[in-house]
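With the hints as extra help, turn the sequences into a complete structure.
Protein chains in written order, with the working numbering: chain R, -16 to 634; chain E, -16 to 634.
For the record, the hints were derived by calculation from the structure and aren't laboratory data. Treat the hints with care, since some could be wrong.
Put simply, identical chains are the same to the list, so a pair is met inside one copy or across any two.
Distance condition first, Cα-Cα at most 27 Å in a straight line; then the derived BS3-like pairs of lysine-lysine [stated by the list, open to error]:
| no. | residue 1 | residue 2 |
| --- | --- | --- |
| 1 | K404 | K20 |
| 2 | K411 | K484 |
| 3 | K404 | K197 |
| 4 | K411 | K141 |
| 5 | K67 | K628 |
| 6 | K141 | K404 |
| 7 | K573 | K628 |
| 8 | K528 | K573 |
| 9 | K383 | K26 |
| 10 | K463 | K500 |
| 11 | K211 | K197 |
| 12 | K211 | K383 |
2 protein chains.
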Amino acid sequence: MGSWGGNVPNRNLLNPKSVALIGATDREGSMGLQLTKNLLLGKDMRNVYAVNPNRENVLGLKCFPSITEVPEHVDLAVIATPAKTVPEIVDECGQSGVDGAVIISAGFREVGEEGERLEDEINQFQAKYGLRILGPNCLGFVRPHAGLNATFLRNNPKLGEIAFISQSGALGTAILDWAVSTHVGFSMFASLGSMLNIDFGDLIDYLGGDPYTKSIVLYMEGVGSARKFISATRGFARTKPIIVLKPGKYVESAKAARSHTGALAGNYEVYDAAFKRCGAVHVDEIENLFNCASVLDSRYLPAGPRLAIISNGGGPGVMATDSVIDNGGKLVELSDELKMALGEFLPPYWSNGDPIDLLGDADVERYDKTIRACIRDPEVDGIIVIYTPQGTAQPSDLAKNVIKIAEKKLMPILTVWMGEKEVEEARKLFYTNNIPTFSTPEQAIKTYMYMYKYKRNFELLYETPEELPVSLSPPTSHLKLMIQKVIEEGRTVLTPDEVDKFLDAYGIPIAESYLVKNEDEAAMAASRVGFPVVLKVVSPDIVHKSDIGGVILSVNSADTLRTQYQNLIESVRKAVPQAKIYGVYVQKTKKFNHELILGARKDRDFGTVILFGHGGTGVEYFRDFSIALPPLNQTLAKRMMEETKIYRALS
Amino acid sequence: MGSWGGNVPNRNLLNPKSVALIGATDREGSMGLQLTKNLLLGKDMRNVYAVNPNRENVLGLKCFPSITEVPEHVDLAVIATPAKTVPEIVDECGQSGVDGAVIISAGFREVGEEGERLEDEINQFQAKYGLRILGPNCLGFVRPHAGLNATFLRNNPKLGEIAFISQSGALGTAILDWAVSTHVGFSMFASLGSMLNIDFGDLIDYLGGDPYTKSIVLYMEGVGSARKFISATRGFARTKPIIVLKPGKYVESAKAARSHTGALAGNYEVYDAAFKRCGAVHVDEIENLFNCASVLDSRYLPAGPRLAIISNGGGPGVMATDSVIDNGGKLVELSDELKMALGEFLPPYWSNGDPIDLLGDADVERYDKTIRACIRDPEVDGIIVIYTPQGTAQPSDLAKNVIKIAEKKLMPILTVWMGEKEVEEARKLFYTNNIPTFSTPEQAIKTYMYMYKYKRNFELLYETPEELPVSLSPPTSHLKLMIQKVIEEGRTVLTPDEVDKFLDAYGIPIAESYLVKNEDEAAMAASRVGFPVVLKVVSPDIVHKSDIGGVILSVNSADTLRTQYQNLIESVRKAVPQAKIYGVYVQKTKKFNHELILGARKDRDFGTVILFGHGGTGVEYFRDFSIALPPLNQTLAKRMMEETKIYRALS
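Written as structure tokens, this is what we have:
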């Protein structure tokens, strides 16, 4: 009855020695029947009890009227009864000392108030007894190596090394079914449902220590506890790849916030930043989730983005080239040595570059020699082998050869056997030998680049913010005092001179500027910084200065300066008579080629997030920005900026 | 022996009554053997002759030593002999009155000079006898309905209504193999090889009139004759969808040209503009080529982008939503009527919006009623039906039901049966009943949007440039005179004042400006337009003005104007002593929020192309531009601009 502590699911729940099914039934087509059948698959490995007050027995199992009547201690209770009966059953589970429960039943928050009330009741019993709960409104979970299937799935997932946690039951079902045909096996499948108690962080934390699990695949709509998720993922992402599919790109961003930062930093982008920060691989299509799951299962990753494309057809080679560049990869600059080596056995009119076109009549030997030559070359980070059904190389013979080479795991080798009927047999060979295989070059290349990004994220994963070099460290005390004052005045926006003080303290160049109190001082300031100048009112009471005539751009000469100074003060007085005016900020007009935006806001799930990008008018259309979670050190800040187009335009 | 005229392949070549194979052989594993076998498949429909001076007979066919010895007129000669023998054979074909030849053999331009020489010889004989040639270096072609297979493919493509023309033999083989398993059939498959004579335009022109062909799929690396292609495609795209996969996105653009326009308007973008202009559907992945081919085969297209997503799982619905927006589609705003109608039979807690979540326990009836209600709703343009293997709806029963509804072709209905084993049977039903089906929502939605874009392109297809409204018509005669003068002076670049005259004539606002001859005039001009001003030297001999100090920005006051005027003239005199100076252009400094670029250049294949986009520094990084082929009318110009982000930022 040992537990991993408050935040991890009770081991007994996920690895039970005894199971009770509450709602066991033999009614045809019912979930209860499928659940009973599935649980009975493991009856040699644990005791299985059926609970149903209306049945004598189900599929040969004696039925107990209540969980409290079961004679043995129950590690795991699986609940599949109507929603309204569930709170009482959870209470009984607690009374009987059950360690954990899976609530399959639906009909809770998704049906409205009544359902929420039921959830509240369950929560109270959960807290009272400290039992862990998966669900409700979920498929349950499967642990193939333990012969445990606590779901109502019609297919029993195959044993493997991938743990798959899905917040959508429907998607989970579909992916498991898919997995059957691509020979993907699982160490665990769990459907999270409404995440009343157990969420992503809990399961990742458990799976991090699970010897059967080599990689973790998530379908996530909402993170649950962000803190638990980030800490668990950061802890394990290096040893166990964590791949996430997160839909809802537009749902959140549609609820446009007022400020640019708010509108841009949609929830989706924050999730993306969080995944990057904790080392998870974020994929954007179901297909990629699946492709990555099969590849990241392997224990070697690309050292770099340079891909050798080996193909027996020019067309697929050209397609592959587009895809390499589209996805941020690189073709290999073939060294003279490699060209020489290849020239020795390739026909005289081979492509003489990457993609390496072996020509339509390529046989197994030509492929073999080329692959080996590429592996030996220090400029090659990974290899995509493409085969089209032509020439003398038989697809399965070639596959066997490639498998032999790839098994040595000297370098990632991804295979693309194009076509269907002719390559069916070869593909099966790849699947069963755990060699990544795809039906188009694009899929292979996307997957390779995910592998590489995953690898590259490691470099950042344990970057801990170091102190800034002394020369760059701002004299924080005076800034703190300034902020203190702003807070005391109840303001949430800095005045232009305060902004400049801040930027200046951090060594960010600002336009030469003076805060002046009258026209004479303004004239003096302007002659010092040079015309044209900008005038901005400085007042703690005015945020949107431009709207009330509090900013005058392009003051071109001393003659007009005084008049325009007066105009400005008058406009402001008229618009906000009670405004306290500290003075006017006189600033040299700078011609900027590019406007930047730098912002921060609180995200509901992940706390403070930072935004950097292309600012100015049209910012909503260009959508050229990146998001990161603080704290950032210089490497992380640079990496963040590098993700934008404006950064490349500036540098 | 009728011909469709000079530009279309001789009918007899593509529909031969007699065929001769030159290079027939029974050597195991040879192309010649496979060709013989394939041609013999049609021996009941036409005479098949074998030519080989070294054999008595092949597979029971008597061998003739030369094509000249064949006793009957031969419509089509298939040549599969070593490259160096081919010119002479083509000569003999010509002598014997053969109508057309397919040259399977490789070893021509792709192997270098010697091969090019052989091609030249073939070209001469081709011209001499006027016989049409497909290839060389190709797979040949297949006409399933005529029982003609003039290729060395190991699989015989199934009969269908799609014509597939591939410039890559390898890709062609792979796609044909794929087609077998997805039940796609073909009216023709042709491998173009090096396109010595017959190219895309020729075949599209032929297929446009071919009753067996409903849609045309192209894999294109280079267009061949652009004029022939555009004219054929424009002529037939409306009645027969033409779908193109064009790789080489980066190959051309890497050879960066000097000017921005040159560098940006890579060949790929020009091809894209050309496809759009002539109504072809341009897809970017092999997968899409295939998906579109199966869908555009159907005879009804979306009226709009509004998609109803019907699913029995929340997760796939959310994924689909992202994909709809990603691809420029729209979700349906469910009308009150539709909500009422659905509310009558859906469970009380259905999603109450699009995506329409039928919930996990949905049965066939619930799907059926929902689909029918959506079809009746005027706000719905198309339907994606998603099924995940759960609940009481059996996949095949549901498929049969959907097929029954979809066959009425009231609206495009695309299906996504997720999973594999459980839905295999259902997918086969869709294939055989010609109902579009996909394994992920993303694929279905991408395909729907291609269907919609294809439909939308029609609206533009026959837009013929109309005259500009009189108010906008420039007084062309004075501009023509100006250009005349520039040409006479041997210049290729306009001076700043000439540029302004041009823009002004077309009603494009320009900054207030004066061409002045001395400092006094400059001072007067500056006081008229207002400081700050820009000074630019006007000289027919100076193009890069900034480089030699011929531009002074931000002249802020009358005091400095005179000095800066002198500085400018001095710098220019010093840098280019012999330069003729017309004067100095004094221009008001304008603060531009956005810089635009508008350019034109000659493309190798398609002639003049126009570029519009986001200009200024960083243009290479933002890559926000669109390309179009002139002539443009106002609709086409607007459509072109709408494709950029900068347009949305401006409007």
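To see whether the hints hold, each was checked on the structure:
1. For a Cα distance limit of 27 Å, the shortest separation of K404 from K20 across copies, 20 Å, qualifies, whereas the shortest one inside one copy, 36 Å, does not.
2. Taking CA atoms no more than 27 Å apart as the test, K411 paired with K484 passes in neither setting, with 66 Å inside one copy and 70 Å between copies.
3. Only between protomers do K404 and K197 lie at most 27 Å apart by alpha-carbon distance; the minimum there is 25 Å, versus 32 Å within a single protomer.
4. In this assembly of identical chains, the alpha carbons of K411 and K141 lie at most 27 Å apart whether taken from the same copy (16 Å) or from different copies (25 Å).
5. For a Cα distance limit of 27 Å, the shortest separation of K67 from K628 qualifies neither inside one copy, at 54 Å, nor across copies, at 53 Å.
6. Taking the shortest alpha-carbon separations for K141 and K404, both the intra-copy value of 25 Å and the inter-copy value of 13 Å come in at or below 27 Å.
7. Taking CA atoms no more than 27 Å apart as the test, K573 paired with K628 passes in both settings, with 22 Å inside one copy and 26 Å between copies.
8. Within a single copy, K528 and K573 get their C-alpha atoms as close as 19 Å, and across copies as close as 22 Å, so both meet the 27 Å cut-off.
9. Taking the shortest alpha-carbon separations for K383 and K26, neither the intra-copy value of 40 Å nor the inter-copy value of 39 Å comes in at or below 27 Å.
10. Proximity of K463 and K500 under a CA criterion of 27 Å is satisfied intra-copy only: 25 Å inside one chain copy versus 58 Å between copies.
11. Taking CA atoms no more than 27 Å apart as the test, K211 paired with K197 passes inside one copy only; the shortest distance there is 20 Å, against 57 Å between copies.
12. For the identical chains of this complex, K211 and K383 are neighbours neither inside a copy (44 Å) nor across copies (46 Å), given an alpha-carbon limit of 27 Å.
Checked against the numbered hints listed earlier, the structure breaks hints 2, 5, 9 and 12; every other hint is satisfied.
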